[in-house]
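This is what each chain is made of:
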Amino acid sequence: MLSYLVQRFLSIGLSLLGVSLLVFLMVHLIPGDAALTIAGERATEEVLTQLREDMGLDKPLYHQYAKYLWGLARLDLGHSFKTKQPVLEEIKRYFPATAELTLAAMAFSIFFGIAAGIIAAVYRGKFWDYFSMSTSLAGISMPIFWLGLMLILLFSYYLKILPATGRLDTVLSLDIESRTGFYLIDTLLARNFTAFKDAIEHLILPAITLGTIPLAIIARMTRSSLLEVLNQPYITTAYAKGLSKWRVIIKHALKNSMVPVLTIIGLEFGYLMGGAILTEHIFSWPGLGSWLRDAVEARDVRAVQGGVLFVSALFMFVNLIVDLLYAYFDPRIRVGDETK
Amino acid sequence: MNDTSISTGQPNVLRKLLRHRSATIGASIILFFVIVAIFAPLIKTHDPMQAEIADRLQGWSAEHYLGTDGTGRDVFSRIVYGSRISLKVGLIAITFSLGLGTLFGAVAGYYGGWLDNVIMRVMDMMLAMPSILLAMVIVTILGQSLTNAIIAVSIVYIPQYARILRASVLKVRELDYVTAAKVIGASDIRILLTTVLPNCLAPLIVQATLGIGAAILDAAGLSFLGLGAEVGVPEWGAMLNENTKYIRKAPLAVTAPGVAIFLIVLGFNLLGDALRDALDPQID
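Chains as they are written, first to last, in the numbering used here: chain A, 1 to 340; chain B, 1001 to 1284.
If you are wondering where the hints come from, they were derived from the structure by calculation, not from laboratory data. Even for Gly, the Cβ is constructed at its ideal location relative to N, Cα and C. Please note that a few of the clues may not be correct.
[Stated by the list, open to error] Stretch-level coverage of chain A by chain B, calculated; a stretch enters the list once three of its residues show a Cβ under 8 Å from a Cβ in chain B: (1) 12-26; (2) 277-284; (3) 291-303; (4) 312-321.
[What the hints assert, rightly or not] Computed spacing ranges between beta-carbons, pair by pair: (5) T236(A) - Y1111(B): 23 to 31 Å; (6) V1231(B) - K59(A): 34 to 42 Å; (7) K67(A) - V1118(B): 20 to 28 Å; (8) V1118(B) - L57(A): 25 to 33 Å.
[What the hints assert, rightly or not] For the chain A half of the interface with chain B, some residues (derived, Cβ under 7 Å), not all of them: (9) L29; (10) L153; (11) L154; (12) Y234; (13) M273.
Construct all of the structure, not just a fragment, from the sequences and the given hints.
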């Protein structure tokens, strides 16, 4: 187990080194004069020289990369060209909003996705099967940025029951001190339940928007995996013992069908990070996605480099956790066991 | 002679496809958009670029089927012209990524060694990032325009094809008839083209069909973020972005482009799923 973990951390380290090289080369792949592109056409020669020096463009390539890596080792991602702030500070500031949104979307998609998958598998070939499976096929083809706009149209403008943009009502947010950056937690810490309720209401539409496609994929995977398990002899045995249908499904079949679903959930996390960029843009959600979008528009290379590196690292760690969870769901799987 | 090859031209594949309901629906949707794109100048009711400020933000009417947008342009005509852009994006992106992916995968699998290692590690790294994020990195490098969005999306999808081809090459490389072909002096390119490629045509076709839908969706996403098509171009994602602020006054201008994207992507997904079933020898 320990050697497995060491091995996995080493491989994550190597992959991150690769990603760092990839993002480092970004500046050098910009056609023409990178400094001119970043600073804009109207930049003075003075600004350009300063910028070239900042980016180390006047030094040889290996020297620049070594310097970049040395910075990374000290968790220094450089300064944003646009805001002049340290990139890591900016990531720290914007990440909690994205994490809150992503976790909410994940919870929504796992809960309803597995539920829909179970129903479809149990009522195979019946109305609920067709209904949940065709809905999930539609879900996969759905542009989520459009889904988000439709939800705003329906719930904010026509029904007027949920807010359309932002994380918290502006007036309420004045009373909330940002301690964790997670508004659901911060509002609770402040014992401000009006604000807590408002934060939940702001979270609902973005979470549904972001969670819909993973929900559809999880539902399909749960259905097919559960159907496979339900065909096995031990399920027949359980029925023969006289156990009720739902007891067999929930207690005996479900846990065994979760391994492929877990894989999908881990992979969907990568999708969620991408989807968050679009979702945050729709709902003016002040998270990492909106920040990255603005950085790309401004061609703020340092910020984009840092953001990409951060997201890639996060993605790799989540998949490591997923791999470790396999052993819980299927004790036959021993992580790190080469003889299996 | 070539007994492991899957001949995609077999009539039973076509018969299977025709029996498959989602294939028929998917192909019909795609055909519909192709016809709209070809005959766009005949179908449009207004100039898609012509802004009539006096007519802005109108609802649907006999004059403007889908109303007008924030600058008074006819939404219906813009949707019609948008089908040209979306199909173009999908086709160019897939040609590019299929071509390069196939090349990288073939070289990596056939020659092996350090070349294989270098190519596949780069591909792995690209796969480790969410596709829209990688596309955004490329847009940062190249600057923002519709052409650059197409290039970005093309690059993003290269690894998928490279992986498929490499796996097939590794399987076929050791087979007797490849050795035989080498012995009689066939060139590497000839062996790749005549023995390896036919063997992985089926998964490539499936992946490419699904890939067109995904490429259209990603490119529309980039434009929606304001990082793709230039302002004013009737690209569906860009139309959504421009009209979001008028969602209350002109809901049709926001609804219609989204429905168009959804339908065209659904078409390619349905056809891709059906192709996978039809080309899989295990499903009958």
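Tell me, which hint numbers fail for this structure? Of the numbered hints given earlier, those the structure breaks are 5, 11, 12, listed in rising order.
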